[in-house]
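Turn these sequences into a full structure, and let the hints steer you where they fit.
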Amino acid sequence: MIFKSIENLPDHFGGKQKTPCTHHRKRSNMMLNPLALKHLNRIDTLSADMITLNLEDAIAPSRKKEALHNIALFLSHMEHSNSFIIVRTNPLDKGGREEISFLNRFEFDAVRIAKIRNQTEIAQALCLLSEDKELHISLETKEAFENLSALRIDERLTTANLGILDLLTSLGLPQSLVHIGNPTIDYILSRFLIDSKTAGIHPISFMFQDYNDTETFRAWCAYEKGMGFESKACMGPKQVEIANEIFGVSSEELKRAEHIKNLFEANAAKEKNGFMDEKYGFIDEPIYRDALLVLSQAGKL
0 MIFKSIENLP DHFGGKQKTP CTHHRKRSNM MLNPLALKHL NRIDTLSADM ITLNLEDAIA
60 PSRKKEALHN IALFLSHMEH SNSFIIVRTN PLDKGGREEI SFLNRFEFDA VRIAKIRNQT
120 EIAQALCLLS EDKELHISLE TKEAFENLSA LRIDERLTTA NLGILDLLTS LGLPQSLVHI
180 GNPTIDYILS RFLIDSKTAG IHPISFMFQD YNDTETFRAW CAYEKGMGFE SKACMGPKQV
240 EIANEIFGVS SEELKRAEHI KNLFEANAAK EKNGFMDEKY GFIDEPIYRD ALLVLSQAGK
300 L
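Numbering-wise (numbering that gives the first Met the number 0), the sequence shown opens with residue 0 and increments by one.
Think of the hints as simulated: they come from the structure by calculation, not from any bench.
Please note that the accuracy of each hint is not assured.
[Claimed, not checked] DEER-style ranges, computed between Cβ atoms:
id	residue 1	residue 2	range
1	T197	A122	14 to 24 Å
2	T168	N146	17 to 27 Å
3	K237	A57	17 to 27 Å
4	F281	N81	35 to 45 Å
[To be verified] Derived pair list, reagent style BS3-like, types lysine-lysine, alpha-carbon separation capped at 30 Å:
id	residue 1	residue 2
5	K196	K25
6	K25	K63
7	K224	K269
8	K269	K196
9	K25	K254
10	K224	K25
11	K269	K132
12	K3	K132
13	K224	K132
14	K63	K254
15	K141	K25
16	K224	K271
17	K132	K17
18	K271	K299
19	K17	K37
20	K3	K237
21	K17	K141
22	K237	K299
23	K237	K254
24	K196	K237
25	K25	K237
26	K132	K64
27	K260	K271
28	K237	K37
29	K37	K63
30	K260	K237
31	K15	K25
32	K260	K299
33	K254	K278
34	K132	K37
35	K237	K269
36	K3	K63
37	K196	K15
38	K254	K271
Note that the coordinates shown come from a computational prediction; the quantities given were computed from them, not determined experimentally.
Note that CB positions come from ideal geometry on N, CA and C, so glycine has one too.
The structure is reproduced here in structure tokens:
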């Protein structure tokens, strides 16, 4: 915990400097309401790979300054977190500019901007954001969905989060479409995944809002992993646990990747880049590159 008690919090910002996040795991991205002080006090110990402190749609306009102050207070008294910390701001023209300017002085890992539409807004955000922080976006508008593959005008834009409910509204489609196997949702997910990967952006799939329905959440995670996703937005620890399990690399997958890597490199040293293996069949360079991808996802490279 950041503070031993939240009953008597300090009335001033601290001077602590959070160390940069060193792991590269992105299985789970948990949304957290900064008005919930009990949860905010635990962001240094949560098991989510990523934590997003939300200033946007879940916060009433009358309480946005309070939420922003809470984020700054807790960040300024935190030295370390096991998670990659993100602050989700409001759209640039609805307070986001001021929020980014204020937050630049505090130590965390990325800013995520809501309702991004085009390259111009990306450029404006990059000008505002301190250079030591990543830029993430919420993909919630039809304009951004149409142009996602062209939005990465700077390498600091690393991640896109699919806000499927807002996107459906922007497209004039009903939210009732969101269920496994719906062809429209499959198209949105597939295009979001491929356009993100084409642009060099990491895609995070949408948040499943029925927190207590862990069975359906698990099914969505398995379905999306089968499509190629590596990350899922989460609402609370129950979903984080499931996402970490499903999007993690299994011991069998890791064992196979390590075997292929070692065997290919040994054979390549003898100028033999294609060969049969008794355990895993024919191995060549594409198989080797896939093994490296698995090892990278597991943090083993």
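These are the hints, each one checked on the structure:
no.: 1; hint: T197 / A122: 14 to 24 Å; in the structure: holds, 20 Å
no.: 2; hint: T168 / N146: 17 to 27 Å; in the structure: holds, 18 Å
no.: 3; hint: K237 / A57: 17 to 27 Å; in the structure: holds, 18 Å
no.: 4; hint: F281 / N81: 35 to 45 Å; in the structure: holds, 40 Å
no.: 5; hint: K196 / K25; in the structure: holds, 15 Å
no.: 6; hint: K25 / K63; in the structure: holds, 27 Å
no.: 7; hint: K224 / K269; in the structure: violated, 36 Å
no.: 8; hint: K269 / K196; in the structure: violated, 34 Å
no.: 9; hint: K25 / K254; in the structure: holds, 21 Å
no.: 10; hint: K224 / K25; in the structure: holds, 13 Å
no.: 11; hint: K269 / K132; in the structure: violated, 44 Å
no.: 12; hint: K3 / K132; in the structure: holds, 28 Å
no.: 13; hint: K224 / K132; in the structure: holds, 28 Å
no.: 14; hint: K63 / K254; in the structure: violated, 48 Å
no.: 15; hint: K141 / K25; in the structure: holds, 25 Å
no.: 16; hint: K224 / K271; in the structure: violated, 33 Å
no.: 17; hint: K132 / K17; in the structure: holds, 12 Å
no.: 18; hint: K271 / K299; in the structure: holds, 25 Å
no.: 19; hint: K17 / K37; in the structure: holds, 19 Å
no.: 20; hint: K3 / K237; in the structure: holds, 24 Å
no.: 21; hint: K17 / K141; in the structure: violated, 36 Å
no.: 22; hint: K237 / K299; in the structure: holds, 26 Å
no.: 23; hint: K237 / K254; in the structure: holds, 28 Å
no.: 24; hint: K196 / K237; in the structure: holds, 28 Å
no.: 25; hint: K25 / K237; in the structure: holds, 16 Å
no.: 26; hint: K132 / K64; in the structure: holds, 22 Å
no.: 27; hint: K260 / K271; in the structure: holds, 14 Å
no.: 28; hint: K237 / K37; in the structure: holds, 17 Å
no.: 29; hint: K37 / K63; in the structure: holds, 18 Å
no.: 30; hint: K260 / K237; in the structure: violated, 35 Å
no.: 31; hint: K15 / K25; in the structure: holds, 25 Å
no.: 32; hint: K260 / K299; in the structure: holds, 12 Å
no.: 33; hint: K254 / K278; in the structure: holds, 12 Å
no.: 34; hint: K132 / K37; in the structure: holds, 26 Å
no.: 35; hint: K237 / K269; in the structure: violated, 49 Å
no.: 36; hint: K3 / K63; in the structure: holds, 25 Å
no.: 37; hint: K196 / K15; in the structure: violated, 36 Å
no.: 38; hint: K254 / K271; in the structure: holds, 22 Å
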